[in-house]
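> For the record, the sequence lines run as chains B and E. Start counting the first sequence at 54; every next residue gets the next number (the numbering used here). Start counting the second sequence at 38; every next residue gets the next number (the numbering used here).
Possibly wrong hints are sitting among the right ones.
[As the list claims (entries may be wrong)] Restricting the straight-line Cα-Cα distance to at most 20 Å, the calculated cross-link-like pairs of lysine to any residue (SDA-like) are:
no., chain 1, residue 1, chain 2, residue 2
1, B, 285, E, 89
2, E, 147, B, 285
3, B, 136, B, 365
4, B, 368, E, 89
5, E, 90, B, 114
6, E, 90, B, 376
7, E, 147, B, 276
8, E, 86, B, 282
9, E, 147, B, 282
None of these hints come from the bench; they were simulated from the model.
Chain residues, written in single-letter form:
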Amino acid sequence: MQIDGLTSQVRREMYTEMVLIRKFEEKLIALAREKARVVGMQILAYGQEAVAVGVAKTLNPNDVVVSNHRSHGHLLAKGADPKLLMAEIMGKATGVNKGKAGTLHLAVPEVNAILTSTIVGASPPLGVGSAFAQQYRNLPDITVVFFGDGAAAEGSVHEAMNLASLWKLPVLFVCENNCWAGAQCLMDHCCVDDIVRRADAYGMPGIAVDGNDVEAVYNSARNMAAHCRGGKGPALIEARTYRMRGHGEHDPCHYMNQSELQQWAEKCPIKTFRARLKADGVLTEEELAAIDIEQGAVVKEAVTFGDDSPFPPAKDALRDLWIE
Amino acid sequence: MVMLSTGQALQSALDLALSLDETVFIAGEGVGTSIHLDPNLPTHGLLEKYGPKRIKDTPVSEAAIAGLAVGASAMGLRPVVEIMFFPFMTLASDMLVNHAAKLRYMSGGKTAFPLTVRVKAGVNFGAGCQHSHNLEAWIAHSPGLKLVFPSNPADAKGLLLSSIFDPNPVVFVEEMLLYWMPGEVPEGDFRIPLGKANVVRPGKDCTLVSYGGAVHTALKAAEMLAAEGISLEVIDLRTLVPLDETCMLDSVRKTGRLIVLHDATRFCGYGAEIAAIAAEKAFDALKAPVMRVAAPDIPVPVSPPQEQFYKPNSEQVTAAVRAIMDQSVQRP
Chain B
54 MQIDGLTSQV RREMYTEMVL IRKFEEKLIA LAREKARVVG MQILAYGQEA VAVGVAKTLN
114 PNDVVVSNHR SHGHLLAKGA DPKLLMAEIM GKATGVNKGK AGTLHLAVPE VNAILTSTIV
174 GASPPLGVGS AFAQQYRNLP DITVVFFGDG AAAEGSVHEA MNLASLWKLP VLFVCENNCW
234 AGAQCLMDHC CVDDIVRRAD AYGMPGIAVD GNDVEAVYNS ARNMAAHCRG GKGPALIEAR
294 TYRMRGHGEH DPCHYMNQSE LQQWAEKCPI KTFRARLKAD GVLTEEELAA IDIEQGAVVK
354 EAVTFGDDSP FPPAKDALRD LWIE
Chain E
38 MVMLSTGQAL QSALDLALSL DETVFIAGEG VGTSIHLDPN LPTHGLLEKY GPKRIKDTPV
98 SEAAIAGLAV GASAMGLRPV VEIMFFPFMT LASDMLVNHA AKLRYMSGGK TAFPLTVRVK
158 AGVNFGAGCQ HSHNLEAWIA HSPGLKLVFP SNPADAKGLL LSSIFDPNPV VFVEEMLLYW
218 MPGEVPEGDF RIPLGKANVV RPGKDCTLVS YGGAVHTALK AAEMLAAEGI SLEVIDLRTL
278 VPLDETCMLD SVRKTGRLIV LHDATRFCGY GAEIAAIAAE KAFDALKAPV MRVAAPDIPV
338 PVSPPQEQFY KPNSEQVTAA VRAIMDQSVQ RP
């Protein structure tokens, strides 16, 4: 697609961040198959890296991200420290939430990723609250809410979109339509074949975008974020992508169609962007390979940090409930 | 001191909180423009005084109202949101039970949710079980939520101010029929700390623990029993979470007898917890089994005789007290 004002520097950064997310989750795939390395279900956004990076790249540090169970990419793209995330996923005391969040509930307020909820459909109303605070304080910031096509079936999403539009709140709703809600594909859980049409119902702009094209996502997000930032209320992006793994790493994927998976593997957002950067002369094969190696080392360092960290004392489970 | 109804006392607390702190805002269904014009309603007149930026009428969207509170409090505001009637809390419960209560804990103490949810409770207004259903035990069973349930105008004001300025999420239950009950209320910034019960009537023979409107049922019973020479000590818990165990156990150790009274249903009701704590921590002091006076385990009926049958009354309390006195054994 036509590059709309994207500098080589931004494109290089986006590639680097996507590779970091991919390598981070490839490591989680491996760790999930070892005994007692990571805690709980590993729910990955493998293959959806372009959505997280394309959206986050348009944001300011003060913009807020509210994420869901498939959060690693969103948080890394927003600038969370991979070491602290990995330690958290391992349930260690040095984790970003002292081992109390695990993989599913990561909160990184340091980068304004204020909360992650694994309750499907919860991120929209929570994000509406965050955006209300931004509007109330006359801040120039916006809140990005990530949710999936499965979450779009929850009533809370309707309530959130109606309220956000009614009050002109600066919420950018980003639906990552990865074609799956558990073992149900979109046509089995949604009465229409898209999510973006809902924007009309709530009187907000909406756009469907190729969620595997990081530059297309970036351009859509930049336009929609500008709308939200301008006091005009919320906007909806439907990023069409594909869940390349199971619902989680515990899912044997017996219901998935292998040829469909293969087709989407050809559209891998990292593979296609890598080829484009090379073709455009932005990065050479050697430079790209160097980025791949460098990001692999970042993940390796994160795993070492997690491995070397202690578990929290059992009794610390009693802490952190109340502010005294 | 000034004479106010409970509704006006709550209104004075909201008014003061709004004037003290710019981060306080109010949201809910009809909190600005209500179908009712009654000046005894807690949010009456606030829209005119503070304007639509801070007094937010919402759509009929309980999940979004509660989500608004959780998200806005995460960003440093102090939301005071209203869920119109207790049974509607089920529609807001994901945001409260799974989010307000848990997100700080799961963040390892990094985030905070200083929100207050006001909700109307009670029976005896003929609206039936989808408007009348005291769900305080549900809330109390969710670690991470504080729970306040006042019984009179002064407590209502002092506890609501403490709730709004508490750094934790608080569910604040307002017994609707108390809105019109007058009482002396301290003026100005008057606060009652959360977690402190109140001995509203001292006595020596039997302890009765209650909260909310049922406290008045207990006080009426205490008056009737006094004529018979039985001295009932009535404790108004005021805050259900955290519970003031000390006040309750000190009283039980003094009287040796305990009755719990609430308008909620008996099975797995809040009174069961009070009874269990007394059994665990003051068994040696008890001269008789702990008794519960509570609503029968049915939905709140609408037909007047049936609704009156549902709500525990003073006669049931006096009967229970007489029974507990009869059953008592001597303790060394």
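> Next step is simple, just say for each hint if it's right about the structure.
Structure-based check of each hint:
no. : hint          : in the structure
1   : 285/B x 89/E  : holds (18 Å)
2   : 147/E x 285/B : violated (32 Å)
3   : 136/B x 365/B : holds (16 Å)
4   : 368/B x 89/E  : violated (47 Å)
5   : 90/E x 114/B  : violated (26 Å)
6   : 90/E x 376/B  : violated (29 Å)
7   : 147/E x 276/B : violated (32 Å)
8   : 86/E x 282/B  : violated (29 Å)
9   : 147/E x 282/B : violated (27 Å)
In summary, the structure is inconsistent with hints 2, 4, 5, 6, 7, 8, 9 from the numbered list given earlier, while agreeing with the others.
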